[in-house]
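Residue numbers (this note's numbering), protein chains in the order written: chain A, 1 to 531; chain B, 532 to 1024.
No wet-lab data here; the hints were simulated from the structure.
What you are looking at is a predicted structure, and each value in this text was computed from that prediction instead of being measured.
Keep in mind that a hint or two might mislead.
[Stated by the list, open to error] Covered by chain A, according to a simulated footprint, are these stretches of chain B (three or more residues, beta-carbon under 8 Å):
no. : segment
1   : 689 to 699
2   : 887 to 893
3   : 915 to 927
4   : 1001 to 1011
Each residue gets a CB set at the ideal place from its N, CA and C atoms; glycine is no exception.
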Amino acid sequence: MAVLAAAAGVPFAVLPALLVVPAAGALLVVVLPRRRPELLKLVAVATSMVVAAMTVWLVVAFDIDRGAEMQFEFRHSWMADLGIQWLLAVDGISLFLIVLTGILFPIALLAVDPGHDDRAYFAWMLLLEAGVIGVFCAMDLMVFFLCFEVVLVPMYFLIGRWGHGNSAYAATKFFLFTMAGSALMLIGILALAFLHADATGGGLTFDLVELAEAQSLGTTTARWVFLSFALAFAVKVPLFPLHTWLPDAHTEAPTAGSVILAGVLLKLGTYGFLRFGLYLFPEASHFFAPVFLTLGLVGIIYGAVVATMQRDLKRLVAYSSVAHLGFIVLGTFALNTEGIEGGLLQMVNHGVSTAALFLLVGMIYERRHTRQIDELGGLQKSAPVLAAVFTLVMLSSIGLPGLNGFVGEFLVLVGTFNAHRWLAIVATGGVILAALYLLWAYQRVFHGPAEGANAEMPDLKLREGLVLAPLLVLIVAMGVYPKPVIERMEPSVDALVAHIETHVDGFHEPTSRFGADIEVGEGGDDAGDDH
Amino acid sequence: MPPVVTPEVIWWALLPLLVLSGGGFLLLTIASLVRRLPEALPQAWTVVTGLIVLTATVPMWDRVQSDGPRSFLGGMVAVDGSTVLVTAILAIAVVATALLARPYLRREDLPGVELYVLLLMSAAGGVVMASADDLIVLFLGLEILSIAVYVMAALHLRRIESQEAALKYFVLGAFASAFLLYGMALIYGATGSTRMAHISGYLASTILVQDGMLLAGIALLLVGLAFKVAAVPFHAWTPDVYQGAPSPVVAWMAAGVKTAGFAAMLRVLVVTLGTHASDWRPAVAVLAAASMVVGAWVAVLQTDVKRMLAYSSIAHAGFILLGVQAASERGTAAVYVYLFVYTLLATGSFAVITTVGGRGDAAHGLDAYRGLARRQPVLAGAFTVLLLGQAGIPFTGGFVAKLGVLAAVVEGRTYWVAMVAMAAAAVAAFVYLRILVAMYLEAPESDTADRTEVPAGTRVVIGVACAGVLLIGLVPGLLLDIASDAVPVLVGG
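Produce the complete structure using the sequences and hints provided.
Right, here's the structure in full:
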């Protein structure tokens, strides 16, 4: 509350509220009287709904005319001695990831009940939400790191306590992989701040914009520091060959955990690359781009091939995430507007469609108590509505034109094609493979004769339908009319590319050879030209 | 006849020392004169003594901040910000240990007064160390502190491990004291004084052509102090002693003894021998790296929670050494922050361990923690906070502490130690996760295990420790400010 009070002058400090409300909700859940267990879910859902409403308000209030500027800025000194401050702000890059977080949490909370230890479950979920939103709003490197690290704890407990199978192993692996990955980033952040303070003669600061605009590190030093960041993000994405925690964590996690893990947490890595890798270290990002392009490409093909081989439906979706995130990395390191924008859009798309896929798989599991593709079959006959929804979501994941997945994937491929023709051609192979493994899985699960329990599987309930509805609406809406999203993203992405061009000698944004930019969203360019 | 000149005495600065030692002696006297002492008296006496000292540190702090540091008693004893802060930390540790001790003694059916008397004497020794302005006084303080703790380790009469722990601690501790004393003698030989201010003044104004004796002295000093704070390779006593000694005593060792040891180390190395930092810094860096790596690594291999935390305390000592090796104001301040936070973490954690240990103080295996979350959710939740704090998870005091020492290291550009530290932190996280897994994710072997009642005093310790750890994690400003004002200074010369 003290933090809020300090924001006097701002009529409504929405960003701190986005952190404080879920955290307060978690506290409330902890102290609710033991005799009223039914209140737990109510409070949790209500809290996350409030957060969702605030994030949607954020989109509406977001001022397109201000271009790439940071908006809703909130500043409050925290550890003055080290120059660490609560610096929260939003721009076109983080806006939709925050909204995605806001929307996915109530859905995940409504869709599945934990089954046991409700109080702890809801408290951890709400703390997780606060942490994730913190990552996306933080414009102070140290606060970013704190939030980036702290999300491990709730996720660890969610996977471990409410997961299936070998969940203790999966949770521990997840925790240790990500913690070890980000260990060096802390040193990188500190080194960056101290070297910057030395170079400028000023005090310590972790202010992202200040550090990025000053570019006070030498080329070699910057490359080393970049690598310390990149390792943390690469584990989180996860990039091949650091992805091995992902299938375990996804498969053993409870449905809500998978939804949040795939929908939001995986974006922490790609968002980190974009926000902190490219922006803070343009030269190093350019220098190491071939490495990440290659790893992204390997991820696309590898993820798709391994997904094809899976017998467990949930594991299949998990590996498809490896492939999709490969696309995002590919677009990011194409270092041009189309690629980055496509990657960013794909982050949101992947969040929506994979979350929906995991929800559907969870619903099938609840009914049939198995996720083995062999044991399922002919579900279309017993559950036609579920099958139809699955079809739509699957097609979005494949990237069918007219649905959201297409827009992002197309932009990524255009961007990559302009920068590195051959990589784009190989990556297109990944799109085909995605169609292969998803359609094949669909065929085995939903078509064919329905026998035994498969024939009697109940169809989608109204509650489940309502939970899925917002995601389906988003899938269609963002496929048909992506302009409202793109026009908010584009100025920030343009500014980022311009920033890279300024700070890397001899680097020009790789664009189409015919000299014409591919236009996306009619309004987008006008907004970008304002400044 | 010339008048006898008595040295100046600043009584207010001696207050904590007088209260602690006077309290100890009085308690001992009363206990030997009165036949039937009320059972609650010794504990209440000790807690009140500790609280008086803690309260006294507040005006003392103001006085030191406004008047500046003072040296008195013929330049033997000094009072500065660091003295007051360390005294406060020791007082907190005394109160916590005393609160844990009574339920423990009652459960184990042990006689009651000695532990409190020894605790107060030991704390008095710690205060002497923190206010020493002369190497001899420092040594005196160290011995007062240590000898009391040797006896405390043996206090469980019927546990052979307790006797073994005490003997081990005593023999190795005596060796370490000898090293320390020899080191002081060599430094005296090289510089001609045992007064810290003289030594530092002499070294600042003189270039020693042959500094072999000085360096040998520094090396021996370092060995003696590294033993006290349990740094690798002088840590061999720690796991056995921690495992064998009564759990409340272990809390005091981890919190109080370590704090006093580091306070002494800062006074001797950073302040007195600061001119020769380039000589001892690499050695301390190696000690730090070795402690973190060995502590974290070996902790992973343990199955006994008390031993795990013993090794993790070695790793923590390594982290604190990081702040010492930085040899800067930032590093020194970070050490004090770490010591404060670790005192909370250690007393809280050992309070939980004391409770779970059960009658006989033997149930310390991971098995004893299986399913604790189901039996005693609140206790398990509190232990979770403390373990996450020890792991240095953000928004706990543990993170603030680790961030401070790391920042000091990075500022000194010794990146390799920083990398070792982070690697060790990741390994150490696994240790704490294992305990969490046992508490939350594994079912107990038998459902018959009872809820152990948590005594009121223990509850207070655990509650305050958890609240403190979270509070420092969220609002670290006050502690950071105090620590940066507490940097020790030498007066007179």
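Compare the structure with the hints numbered earlier in the document and write down the numbers of the violated ones, lowest to highest.
-> Hint check: 1 and 2 fail, others pass.
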